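Residue numbers (our numbering), protein chains in the order written: chain A, 1 to 281; chain B, 1 to 316; chain C, 1 to 372.
Please note that a few of the clues may not be correct.
Unchecked claim - Here are the simulated EDC-like cross-link-like pairs (lysine to aspartate or glutamate), alpha carbons at most 16 Å apart as the crow flies: (1) A/4 to C/307; (2) B/19 to B/46; (3) A/4 to C/114; (4) C/305 to A/280; (5) A/271 to A/228; (6) C/274 to B/239; (7) A/200 to A/229; (8) B/116 to B/151; (9) C/90 to C/114; (10) B/116 to B/95; (11) C/274 to B/185.
To be verified - Cβ-Cβ distance ranges computed for the label pairs, FRET-style: (12) A/235 to B/231: 43 to 51 Å; (13) B/135 to C/127: 42 to 50 Å; (14) C/214 to B/45: 18 to 26 Å; (15) C/33 to B/69: 48 to 56 Å.
Quick caveat, the hints were computed from the structure, so don't treat them as lab data.
For clarity, every value in this text was computed on a predicted model and none was experimentally measured.
All residues carry an ideal CB built from backbone N, CA and C; glycine is no exception.
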Amino acid sequence: MNEKNPYLPYPVRLVEARFDTPDTSLRTLRVAFEDPAHAAGFAYRPGQFAELSVTGRGEAPIGIASSPTEGDELLFTVSRMGVVTTALHELSPGDRLGVRGPLGNGYPLADLAGKDIVVVAGGYAVTTLRSAMIWLLDPANRARYGRITFVYGARSPELLLYPETWRQWMGRSDVDCRVTIDNACEGWDCLVGFVPRVLKELAPSPEGAAALVCGPPAMIRFSLPVFEDLGWQPEQIFMSLENRMKCGIGICGRCNVGNRYVCKHGPVFSKAELDRLPAEY
Amino acid sequence: MNAYARRIREIARRLLSEKAVDAVAGYRAGTVPMRARPFVARTPAEAGELTWTGFCVGNLAKLAIGLPGRVAVCAQGCISRNLVGIVRENRLARENLTVIGVPCLGMLDARKILAKVGGRMVTGVREEGDAVTATGADFEETFARGDVKRDTCLTCRHRNPVLVDEVVADPVPETGGGDGDRIIELWERKKPDARFELFTRTFRDCIRCYACRDVCPLCHCATCFVDRSRPQWLGKTQDEPDVLTYHLLRAFHCAGRCTDCGACESACPLGIPMRRLTAKLESDARRLFGHEASLSLDAKPALAVFSPDDPDEVFS
Amino acid sequence: MYDAMIFSRLDLPRVIAAWSAGRAVYVPTTAGGNTTLAPFDPERGLSLDYGNTTLSPKAFLFPQTECLLRFATCGQDAALAVAEPQGTQKRLLFGIRPCDAAAFALLDAVFCQDAHSTDPSWVSRRERTILVGLGCNTPDAACFCTAMGSGPHHPRGLDILAADLGDEVLLTPVTDRGRALLAEAASIVPGIPARGERGGTALGRAATLRINAEAVMARSPFAGLTLEAVARRSQRTVHALGIWPAIAETCLNCGVCTFACPTCHCFDIQDETKGASGRRVRNWDTCMSWLFTAHASGHNPRPTKVERVRQRFMHKFKYMPMNLGGRPGCVGCGRCVRQCPVNIDIREVLRTLDMACRAAPPSGAPRAEADS
Chain A
1 MNEKNPYLPY
11 PVRLVEARFD
21 TPDTSLRTLR
31 VAFEDPAHAA
41 GFAYRPGQFA
51 ELSVTGRGEA
61 PIGIASSPTE
71 GDELLFTVSR
81 MGVVTTALHE
91 LSPGDRLGVR
101 GPLGNGYPLA
111 DLAGKDIVVV
121 AGGYAVTTLR
131 SAMIWLLDPA
141 NRARYGRITF
151 VYGARSPELL
161 LYPETWRQWM
171 GRSDVDCRVT
181 IDNACEGWDC
191 LVGFVPRVLK
201 ELAPSPEGAA
211 ALVCGPPAMI
221 RFSLPVFEDL
231 GWQPEQIFMS
241 LENRMKCGIG
251 ICGRCNVGNR
261 YVCKHGPVFS
271 KAELDRLPAE
281 Y
Chain B
1 MNAYARRIRE
11 IARRLLSEKA
21 VDAVAGYRAG
31 TVPMRARPFV
41 ARTPAEAGEL
51 TWTGFCVGNL
61 AKLAIGLPGR
71 VAVCAQGCIS
81 RNLVGIVREN
91 RLARENLTVI
101 GVPCLGMLDA
111 RKILAKVGGR
121 MVTGVREEGD
131 AVTATGADFE
141 ETFARGDVKR
151 DTCLTCRHRN
161 PVLVDEVVAD
171 PVPETGGGDG
181 DRIIELWERK
191 KPDARFELFT
201 RTFRDCIRCY
211 ACRDVCPLCH
221 CATCFVDRSR
231 PQWLGKTQDE
241 PDVLTYHLLR
251 AFHCAGRCTD
261 CGACESACPL
271 GIPMRRLTAK
281 LESDARRLFG
291 HEASLSLDAK
301 PALAVFSPDD
311 PDEVFS
Chain C
1 MYDAMIFSRL
11 DLPRVIAAWS
21 AGRAVYVPTT
31 AGGNTTLAPF
41 DPERGLSLDY
51 GNTTLSPKAF
61 LFPQTECLLR
71 FATCGQDAAL
81 AVAEPQGTQK
91 RLLFGIRPCD
101 AAAFALLDAV
111 FCQDAHSTDP
121 SWVSRRERTI
131 LVGLGCNTPD
141 AACFCTAMGS
151 GPHHPRGLDI
161 LAADLGDEVL
171 LTPVTDRGRA
181 LLAEAASIVP
191 GIPARGERGG
201 TALGRAATLR
211 INAEAVMARS
221 PFAGLTLEAV
231 ARRSQRTVHA
241 LGIWPAIAET
251 CLNCGVCTFA
261 CPTCHCFDIQ
271 DETKGASGRR
281 VRNWDTCMSW
291 LFTAHASGHN
301 PRPTKVERVR
311 QRFMHKFKYM
321 PMNLGGRPGC
331 VGCGRCVRQC
341 PVNIDIREVL
351 RTLDMACRAA
361 PPSGAPRAEA
371 DS
C-alpha cells in the first residue's frame, strides 16, 4: 500500500496474459512492478485482493491468485463482467496498469498452524485458494500444517483454472488433490460429480482442522451442510465474500455486510462471523 | 379539522371498509411545521389519520405507481392529470385506481412564508379561506393565500381534478388566474448567450440528489439514464456540464408530458426554481401543439404524435 | 474557564477581519432562502440570525467532487497516475453549529481509522481548517442534538465555541489552536478576559442560554430518544425487524437526506478522460441509489428501497455505534427531517426502532447479543 496516499496505485506492467477458458470470459494476467521498491511495499498474504486499475476506465477489486512465495510478480484471473474487467481483458503484454493494495484481511493461515487444512473450490472462485495452496505447500510452510486436502470442481474440464498447477499437486504425496467435473466427458481422467458429493465421500474430520471454501453460491449452499453433518463448527470454516467496492480501505461505505466492510474486515470471514451478520451480500 | 380533511377521511373509511380499495394514498400531519407526509392508509382506522393542508405538495401519483392492489389516490387538478399520465403510460391500471378528487385553491410555499416572516421560526400555520396565518413563539402574521402560494399554483389552469371517482368538495374556479406564459418570457426575451447564462445560474446550487426526478410521476423509467453504467451516459461530478446535462435531458424526456405540477420545485432542498424549465415545457406544448398534457385518458402526448401541420418553430 | 474572552457584539466583524489575515474566512450568509458559509465580506457585515446552514458544512472537508489522481492517456507515461496535490489554503469556518462540529469529530474516526485507512485529503483539509462554532440559542422543531450525544452549546470538534449573548459575544477556546487564535484576535481587537465578576456574569449568561436551548429540545414531542434497546439487540435481530417496509413505503429513494447529512460520507470513484489526459475523481454517493451496491454481474445485495432505507438507519444507529464505541452515526442536526421531500422523520424512525427492539423476542443471552 502506498504509504502517503492509499488511492495511488503502484504502476505495473503486464508480462503475460492468457485466456483460461474457450469462451474467453476468464483471463489470467501476470504483472510485474516497475519499481522493485513497490514490490517490497506490496507485502501480501493469500486471500487478499488488489484494486486493478486501467486509467481512464477505473478500478476493479480482484483477488490475488499468486502466492508471495512465488516471487515479486503477481497473478490475477479476471472475469469479464463490467467496464474495468473488460478493459483488463483488452490489455496487451507490455501495457501499464495500476495495482493498489494489498487490501483486505486474507485467510488466517498463521492462526491455523498445526491444523489439517481442507480447501474447497468451485469454478473461477479458486483464485485466492490457489494462492493459499501454493503458500501452504511451500517448503518454508508445509511442515507447520497437518494433512492438506484440495477439492476443486467445475462444470467441465476447460473451466478448471490452473490445470498445470493442480496436476503437479496430484503427483505430490503431501497433498490429497481431488478435482472433479459435473458430467463425465471423453478424455477426463479425474473425478465426476458435484463438489459437495466429493466432499461427502472424502468426509474430512473436523478434528484439529479448518476449511477454506470459495465457490459459486450453489456449491457453498450444498457444501456447508456436508461440513455440518461431519461435525464441523462454524468457527472452522472460512469463506471469502465479494461486494461492490470502491475505496478498498473501509471508508467509502458501500461494501458493508452489517457493521463489517468486506474490503477491510474481509473479504475472508469465518462462517461463525457471517452467522452473526445480516445476510446482505 | 378542515372540511376537506373530514370529507377525505369519510371517503377513505368507506372505500376501505367496503373493500372497494386496498389502500388510500393521501397525507397525514407532518412531524414539523409546514409539512404534510404522504401516507398510505390500509384500514378504516388508519383512514382517520388522513388530513389535507396547503402543504400537501408531494406527488401521490408517483407513490401510486409502486402500490400493489387497488388504490385510491387523493388528487388535486395537477395530480389527477399525473394519474391520467401514469394510467396512459401503463404504470397503473385504470380499474385499480380510484381518484378522490380534491378541488384545489393552490398549495402553499413554505419558503415564501419564511421569507414573509423574515426567517423567524414558524411553529404553525392556519388556513382559513383566503387567509393564511403563520404563528411563532412571539408573532402571528396573516397573509393573503395568493401571496404565499407556490408559483405553479398561481398560474394553474386546471385546479379541478380531470379524472374523478369520489368528490371531496364542489368545484372551485378553474384557474389560478396567473399567466404561465409570463414565466417563459424570462427565456424568450433573452439572446442565446444570456439564456444559457440564466440556465447555468438557475441550477448552480444543484447537488444532484435527484429529488426532482424521484418525486416526478413522469420519471418512472426502470433505470434512469443518469444511473446507467454501461454505457455511462453522464458523469457524476458537480461540474457544470454534468449538472446541466442532467436537467436538460430530463426536461426533454418530460416535454409534452409535464403538467407543470411543481412537485420537483417543492421537493428541491435548495429551492431551485425548477419551473423555469417545466413552465417552458408546458407552455411550448400548449402554444405550439395546442396540447395540454394528460387532460384525458384518450389524448396522446404532443410529442407522441406527428401531424403534417406541426409547427417548425420547435426546431429553431 | 479563565482563558475565555468577551468581545462586544459590534466588534465581532473586526475579530473576524483579524482572523482573515492569512486565511480564507467563511461566515453564515443567507440569500434566496438558503444559508451557506460564504467568504466573509466586511462590507456586508455579519448576521448571527440564522438557524443552521441549509446543507452541512462537510463539503469544506469532503468536497462533493474531488480529483484524487491525474494521468496521461497517451505517450510514454500513459496510465501512470500521480496524486493530485491538495490545496494548502488555510481556512476558518465561523458560525458552524455544534452539531456539525460533532459530525466532523465523528468523521475523523471514519476517515482516519488507522495507518492503513487514512484519507489524505480529509487529513489535509481538517488540519488547515479552523472551526469557530456558534452555540444555538433557539434550536428549531427538527433539532435533536441532545439525543445524539451532542448539545446546542457542545464544544466537541470545535477550536473555539462562541456564545451570542446579545450585546456581547463570549469566545471560549476548546483547543490549543483555538487559544492561539483568540490571542491573535485579542492583540488587535479589545476584548475582556472572562474572569472575575464580569467574566462570571458572561459565563452565567452563556450557561442560561445553553440551558434554555436544551429545555426547548426537552419539550419536543421527540424528546427522550434513546439507542439503549437498539444497542442491546444483535445487528441481525435489528436488521430482521418487521418495521422496515413501512418506514420505507413513501421514501422516494432520492439522495436529499444523505447529501444534506453532516455524517454521511459515502463516495464513488470514477475515471474521466478528455483528450490526452484524465483524472480519477471521487463524488459523494448515496446508499439510496440502486447503483450503489449493484455488482457488475447484475446481482444486488440491496435490491429495493426497503433494504436501502434500512441500510441508512442501520448504519447510523447500529453499525456506527458498534464500530465507534457506542457513538451514534447521527448528530441530530435535523437537516434530513427538514428537507426530506416526504417528511420521513429520523426521530420517528428511531422511536419505532427503539420500540420494536424492546418488543423483539430475545435471540440469545443479552450480553452475547450486544457483542455481536
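Hint check results:
1. Taking the CA atoms of residue 4 of chain A and residue 307 of chain C, the gap is near 36 Å; set against the 16 Å cutoff, the hint is violated.
2. Proximity of residue 19 of chain B to residue 46 of chain B is assessed by CA-CA distance (about 14 Å); at most 16 Å being required, the pair is judged to hold.
3. For the proposed pair residue 4 of chain A and residue 114 of chain C, the alpha carbon gap of about 13 Å is at most 16 Å, so the pair holds.
4. Using a Cα cut-off of 16 Å, the hinted pair residue 305 of chain C and residue 280 of chain A holds, with the two alpha carbons roughly 14 Å apart.
5. Restraint check for residue 271 of chain A and residue 228 of chain A: the C-alpha separation of about 11 Å stays at or below 16 Å, so the hint holds.
6. Restraint check for residue 274 of chain C and residue 239 of chain B: satisfied, since their Cα atoms lie roughly 14 Å apart, inside the 16 Å limit.
7. With a C-alpha separation of about 9 Å, the suggested pair residue 200 of chain A and residue 229 of chain A falls inside the 16 Å cut-off, and the hint holds.
8. A threshold of 16 Å between alpha carbons decides the hint, and for residue 116 of chain B with residue 151 of chain B the separation of about 15 Å falls inside it, so the pair holds.
9. Pair hint residue 90 of chain C plus residue 114 of chain C does not hold up; C-alpha atoms about 25 Å apart against a cutoff of 16 Å.
10. Taken as a hint, the residue 116 of chain B and residue 95 of chain B pair is broken in the structure, with Cα atoms around 45 Å apart against an allowance of 16 Å.
11. Restraint check for residue 274 of chain C and residue 185 of chain B: not satisfied, since their Cα atoms lie roughly 37 Å apart, outside the 16 Å limit.
12. Checked against the hint of 43 to 51 Å, the pair residue 235 of chain A and residue 231 of chain B passes, with Cβ atoms roughly 46 Å apart.
13. Roughly 46 Å separates the CB atoms of residue 135 of chain B and residue 127 of chain C, a value that falls within the hinted 42 to 50 Å.
14. Against the hinted window of 18 to 26 Å, the Cβ-Cβ separation of residue 214 of chain C and residue 45 of chain B comes to about 37 Å, which falls outside the hint.
15. For the pair residue 33 of chain C and residue 69 of chain B, the beta carbons lie near 40 Å from each other, so the given range of 48 to 56 Å is not met.
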